[in-house]
Amino acid sequence: MQKIGVFICWCGSNIAATVDVKKVAEAALREPGVVFSADYQYMCSESGQRLMKDTIKEKGLTGVVVCSCSPRMHEATFRKAAESCGLNPYMVEIANIREHCSWIHKDIEEATEKAVILMRAAVAKVNLNQSLTAGKSDVVKRALVIGGGIAGIQTALDIAEAGYEVDIVEKKPTIGGKMAELDKTFPTLDCSACILTPKMVDAAAHEKIKIYAYSEVEKVSGFVGNFTATIRKKARYVNENLCTGCGLCTEKCPSRKAPNEFNEGLNTRSAIYIPFAQAVPKLAVIDPAACIHFKTGKCGLCEKTCDAKAIDYNQKDELIERRYGAIVVATGFNVIKLDNFEEYGYAANPDVITSLELERLMNAAGPTGGTLLRPSDKTHPKKIVFVQCVGSRGQRPCDKPYCSKICCMYTAKHSMLIREKYPDTEVYVFYIDVRTPGKNFEEFYRRAVEQYGVHYIKGQVGKVAENEGKLRVYGSDLLLNEQVVIDADLVVLAAAIEPDESAKKIATMLTTSIDTNNFLTEAHPKLRPVESATAGIFLSGVCQGPKDIPETVAQASAAAVKVVGLLAKDQITCNPCVARSDELLCNGCSACEKVCPYGAISYMDKEVNDHGKREVRRLAYVNEAVCQGCGACTVACPSGAMDLKGFTNKQIMAEVDAICR
Amino acid sequence: MTDLQKQIENIKRISGANPEKCMRCGKCTAACPNYSEMEYHPHQFVYFIENGQLDRLLKSDSAFRCMTCFACVERCPRDVKPAKLIEAVRLTLIRRKDSNYLKPDEIPQKIDEDLPQQAIVSAFRKYTK
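In order, the protein sequences belong to chains A and B. All residue numbers for the first sequence refer to this note's numbering, where the first residue is 29 and numbers rise by one. All residue numbers for the second sequence refer to this note's numbering, where the first residue is 86 and numbers rise by one.
Excised from the complex, chain A in its bound form (with noise of 0.2 Å):
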């Protein structure tokens, strides 16, 4: 029989405003196996904790119950305490009379009343359980970065800086991301490829950084410390060993037709090309969809002209395996598609563009030379006028309904900028709210308007028409209380981010959370903000949430601190709660290591001896490193031979025996 401490945590007014915690404690003493209870004001306090302690010691109990906030927050405290006064830690159980309890009901008999029930249960459970061990598995010593954009460059680096190995795996051919296409950045409007080109060569050079670019993560298993993933290393058609990046083959390539991706699709690109100037790594790639080779068989001139023979158009995608003990997810953002707003004319007119494309039409390496020129006509915008909160903000199917943050501090940026290279130019902005939460950002945006004189509309765009080669913006100035009517040259959408379309099949691949707008989840919001829910996979820049450059980098290098803090580990304890096969119940069926998501049961021939019957039978082993005690196969095995350890199919039905009594 065990002897059990019941403790009842007031947690301030947050359950015993509720609960009445003195009748809970009355209720424990009438339980089976309870010798001791009691209530306290701060169960998780120093003091608390020694009101256990001591109970423990004094009373010799072989189990503890405290009924308190989620296991969650103080279940580790409460455990850890207990394992420091010789009780195994695994002899403790919570039950959550706040989250489940107080803070949803108002009625104080029926909280205690239910509070009394949840106590039930667990004590019913701390009756049946067991002490548990917990096993150790190694790490392995290398890390996995999943995208190459300021975000993942930033993490590889300051994982290599201390001392482990990481592989990036970047899906375009050359990491750099949406920083790389940027003209300059707020609010000090330094260049951005003045400031990111150098850590892109830094993690290029690193010999502890591994650069899979054109590459994708296809597969991944294991668990933290232990991950496998396959990587897709996709067939470039030049032979990177041998490619110099001269670049000739680029300009003797006769397919010159498609839409440039690093510059928007403002311009086209050859069939064989080098993204830009700085890239990284910097060598050829061939569009197969471009390619007249690939579609006609004929041409071949880039291969004729590679001194290095590094063409190679019978190249195949590659498969590669490699072990991880920490994986980052940095996928990044994509700027939403514009086609179902058609109130701006994004579609229809070349000179309605997104701020994005603005950065490439006033970037040196652009495909204006950085010379501010319409699309359409190539002339100097004498009017433009900016929209915010294009697609966020909103409700409608085609609108993401939260802030995309940025906007405002680039547009605010993109109109300093106009103004200062082109007095002439008249730049409105219209606005809903204008938010600079950031350094120096509030200065920045009132500079803009103050020292530049951009003209700060607060009211948002109607209707965006072409009227005689000019467009005609109807919008409305809420401040006057008018609609204005503005004959302008460029429209500029300051278009919603949305997480890379990869974050999804990613996040499922990783089995890690994803919310309703496809961003990451993170373990905590305020508290493990990069790390997801699932351990060993960690969060970096915006594929958890909108954030600008500083605070990608800010939160780069926190997920990149938590790598490190995990590979420094030679070992990790596992999580003991995991699967145990009955062997004299076991019939080899197969059935669990069908629904093992983690591949962790497989089978062997074992002989046993069945009430002095002895035979050799196929019984299901558990990889207790492996399991990581989801219970599906305890849910799948039709002769009840699979358990959870310290959630028993008996332990289970216990508790909800001890809920229905």
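No lab work stands behind these hints: they were computed from the structure. It cannot be assumed that every hint is accurate.
To be verified - Under the rule of at most 30 Å between Cα atoms (straight-line distance), these lysine-lysine pairs were calculated in the DSS-like manner:
#, chain 1, residue 1, chain 2, residue 2
1, A, Lys-365, A, Lys-262
2, B, Lys-97, A, Lys-491
3, A, Lys-532, A, Lys-433
4, A, Lys-486, B, Lys-144
5, B, Lys-169, A, Lys-491
6, A, Lys-108, A, Lys-31
7, A, Lys-169, A, Lys-310
8, B, Lys-106, A, Lys-491
9, A, Lys-486, B, Lys-188
10, A, Lys-332, A, Lys-344
11, B, Lys-106, A, Lys-486
12, A, Lys-365, B, Lys-106
13, A, Lys-134, B, Lys-169
14, A, Lys-575, B, Lys-169
15, B, Lys-195, A, Lys-486
16, A, Lys-31, A, Lys-491
17, A, Lys-337, A, Lys-200
18, A, Lys-433, B, Lys-106
19, A, Lys-554, B, Lys-106
20, A, Lys-85, A, Lys-108
21, A, Lys-498, A, Lys-449
22, A, Lys-486, A, Lys-467
With chain A held as given, fit chain B onto it using these hints.
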């Protein structure tokens, strides 16, 4: 509940719209093709109803100036449905006792030869109880 509150609740009920969802972007007014004809504009209908200033809307003829083209409903990023609120204000006005805007006797003098008959019938439906 005061009469005013009752009327406002009624407007919300008939329109099925929720003015509290408005984030004050003004896109409805920006999109309004009949802006110059209206004393109060779509965003003001939303704001006044939200803030209990219905009487200002009831005193104005703006509700009848709205062409119910639904541009504001179409454009509104928050699904506030300004035109439906305006329609509800119009119904509130029409349903007041003894305040028909159109009486059958007045129709003959008002008829324009070029006016399609369907428009007359629809106006009669719209402006009487």
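Each hint, compared with the structure:
1. A:Lys-365 / A:Lys-262: 26 Å, holds
2. B:Lys-97 / A:Lys-491: 27 Å, holds
3. A:Lys-532 / A:Lys-433: Between Lys-532 of chain A and Lys-433 of chain A the Cα gap is close to 21 Å, so the pair holds against 30 Å.
4. A:Lys-486 / B:Lys-144: 28 Å, holds
5. B:Lys-169 / A:Lys-491: 20 Å, holds
6. A:Lys-108 / A:Lys-31: Between Lys-108 of chain A and Lys-31 of chain A the Cα gap is close to 19 Å, so the pair holds against 30 Å.
7. A:Lys-169 / A:Lys-310: Satisfied, since the Cα-Cα distance of roughly 28 Å is no more than 30 Å.
8. B:Lys-106 / A:Lys-491: 22 Å, holds
9. A:Lys-486 / B:Lys-188: The given pair, whose Cα atoms are some 43 Å apart, is violated under the 30 Å limit.
10. A:Lys-332 / A:Lys-344: OK: Lys-332 of chain A and Lys-344 of chain A at ~21 Å, within 30 Å.
11. B:Lys-106 / A:Lys-486: 18 Å, holds
12. A:Lys-365 / B:Lys-106: 25 Å, holds
13. A:Lys-134 / B:Lys-169: Violated. Lys-134 of chain A to Lys-169 of chain B sits at ~38 Å, over the 30 Å cutoff.
14. A:Lys-575 / B:Lys-169: Distance of about 37 Å is beyond 30 Å: violated.
15. B:Lys-195 / A:Lys-486: Roughly 42 Å between the alpha carbons, so the hint for Lys-195 of chain B and Lys-486 of chain A is violated.
16. A:Lys-31 / A:Lys-491: Status violated; Cα separation ~74 Å.
17. A:Lys-337 / A:Lys-200: Holds: Lys-337 of chain A and Lys-200 of chain A sit about 23 Å apart, inside 30 Å.
18. A:Lys-433 / B:Lys-106: Within the cut-off at roughly 20 Å; holds.
19. A:Lys-554 / B:Lys-106: 27 Å, holds
20. A:Lys-85 / A:Lys-108: Distance ~15 Å between Lys-85 of chain A and Lys-108 of chain A Cα, so the pair holds.
21. A:Lys-498 / A:Lys-449: 22 Å, holds
22. A:Lys-486 / A:Lys-467: Holds, at about 24 Å.
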